[in-house]
Amino acid sequence: MSPHATPILALSLVLGTTITISSNHWVLAWTGLEINTLAIIPLISKSHHPRAVEAATKYFLTQAAASALVLFSSIINAWATGQWDITQLNHPTSCLLLTAAIAIKLGLVPFHFWFPEVLQGSSLMTALLLSTLMKFPPLTLLLMTSKSLNPSLLTAMALASTALGGWMGLNQTQTRKILAFSSISHLGWIAIILVYSPKLALLTFYLYTIMTSAVFMALNKIKALNLSMILISWTKTPVLNATLMLMLLSLAGLPPLTGFMPKWLIIQELTKQEMAPAATAIAMLSLLSLFFYLRLAYHSTITLPPNSSNHMKQWYTSKPPSTPTAILASLSILLLPLSPMIHAIV
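Those letters in the sequence shown? Residues 1 to 346, per UniProt numbering, in order.
Treat each hint with caution, since some may be false.
[What the hints assert, rightly or not] Calculated cross-link-like contacts (lysine-lysine; reagent style DSSO-like; alpha-carbon spacing at most 27 Å): (1) Lys223 / Lys236; (2) Lys236 / Lys147; (3) Lys46 / Lys177; (4) Lys177 / Lys147; (5) Lys236 / Lys177.
[Said to hold, decoys possible] Restraint-style ranges between C-beta atoms, simulated for each label pair: (6) Leu15 / Pro255: 31 to 41 Å; (7) Gly82 / Pro3: 40 to 50 Å; (8) Gly82 / Leu225: 43 to 53 Å; (9) Gly82 / Ala326: 47 to 57 Å; (10) Trp79 / Met284: 57 to 67 Å; (11) Ser22 / Ser228: 19 to 29 Å; (12) Ala156 / Ile75: 23 to 33 Å; (13) Ala276 / Thr57: 20 to 30 Å; (14) Pro256 / Thr93: 45 to 55 Å; (15) Ala326 / Thr57: 12 to 22 Å.
It is worth saying that the hints were derived from the structure and are not from the lab.
All residues carry an ideal CB built from backbone N, CA and C; glycine is no exception.
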């Protein structure tokens with residue numbers, strides 16, 4: 001790829017995201033989503049590996065279908081109500097179509113099938129973009145239309161996402177696929193609270209973005225694409241490996257780490273909304289994903305591989321991780337004491 005292409009694509013991603021999150025008109029929001037899709041496809045396929053080309057093709061087809069559904073939903077709403085305003089989504093068919101379209105874009109169950117495959121075919125940093133930045137514009141549309149959406153449908157999709165994200169991640173050995181199913185599971189927590197507290201849903205997404213970015217950057221630093229490579233990376237970056245363990249436990253939602261905060265607040269809000277059964281179910285289902293986070297954490301801190309490995313052990317290096325990695329790692333571990341202040345804002 002040309003060295004001039006990367007900044008152009010990065011600028012296009014920022015432009016598309018900005019257009020979507022700042023627009024009130026459906027056509028402008030759709031335009032921003034399309035710019036985002038067209039900008040990320042070259043980044044997915046830049047390695048020219050058959051797996052990368054396959055991932056880019058799958059991504060294009062699913063995103064094109066989702067964008068068509070967004071446009072179809074807005075046209076039906078405009079036909080019935082005469083409104084192109086995003087917040088004036090009142091037609092029931094439009095609400096249903098929009099929920100399906102955004103679920104496809106986010107990778108919510110039952111439209112999750114493309115997400116793990118696309119992440120597996122991408123590089124770690126492209127997978128980071130797909131897991132965080134690319135989910136922000138569709139999530140913004142959901143937040144803007146949250147008052148019109150069906151709470152029962154979103155709750156069912158959220159519980160299914162949390163269950164499937166935890167269940168499918170249990171037997172994975174590829175780090176990108178594990179983090180893909182982790183993303184699906186976290187989207188379940190965001191979706192279940194979206195209608196009742198949009199601010200809390202946004203806070204959960206922000207914290208998820210911080211924790212996932214830190215984990216992806218750490219894995220990129222140690223070049224760990226699967227569990228066997230994490231096993232032998234302790235010789236190269238022992239401090240980063242120990243920090244990676246804490247970041248993974250935070251992503252799992254264990255106290256006293258940052259990841260406990262959004263789950264605690266969501267369960268509290270669901271109980272206030274008299275949804276104690278849903279809160280209990282999603283808390284129990286998150287134990288599934290806790291297992292593979294613990295397995296990753298175990299692999300990141302073990303000092304000797306339990307069996308022979310084909311990978312050569314790497315020499316220790318004193319070169320520290322980058323500043324963004326250090327900042328994100330600190331935030332993903334140490335934010336829980338700020339919960340009272342954050343709760344007051346939410």
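Hint by hint, here is what the structure shows:
| no. | hint | in the structure |
| --- | --- | --- |
| 1 | Lys223 / Lys236 | holds (11 Å) |
| 2 | Lys236 / Lys147 | violated (50 Å) |
| 3 | Lys46 / Lys177 | holds (19 Å) |
| 4 | Lys177 / Lys147 | violated (33 Å) |
| 5 | Lys236 / Lys177 | holds (24 Å) |
| 6 | Leu15 / Pro255: 31 to 41 Å | holds (40 Å) |
| 7 | Gly82 / Pro3: 40 to 50 Å | holds (49 Å) |
| 8 | Gly82 / Leu225: 43 to 53 Å | holds (52 Å) |
| 9 | Gly82 / Ala326: 47 to 57 Å | holds (53 Å) |
| 10 | Trp79 / Met284: 57 to 67 Å | violated (43 Å) |
| 11 | Ser22 / Ser228: 19 to 29 Å | violated (45 Å) |
| 12 | Ala156 / Ile75: 23 to 33 Å | holds (27 Å) |
| 13 | Ala276 / Thr57: 20 to 30 Å | violated (44 Å) |
| 14 | Pro256 / Thr93: 45 to 55 Å | holds (46 Å) |
| 15 | Ala326 / Thr57: 12 to 22 Å | violated (37 Å) |
Checked against the numbered hints above, the structure breaks hints 2, 4, 10, 11, 13 and 15 and satisfies the rest.
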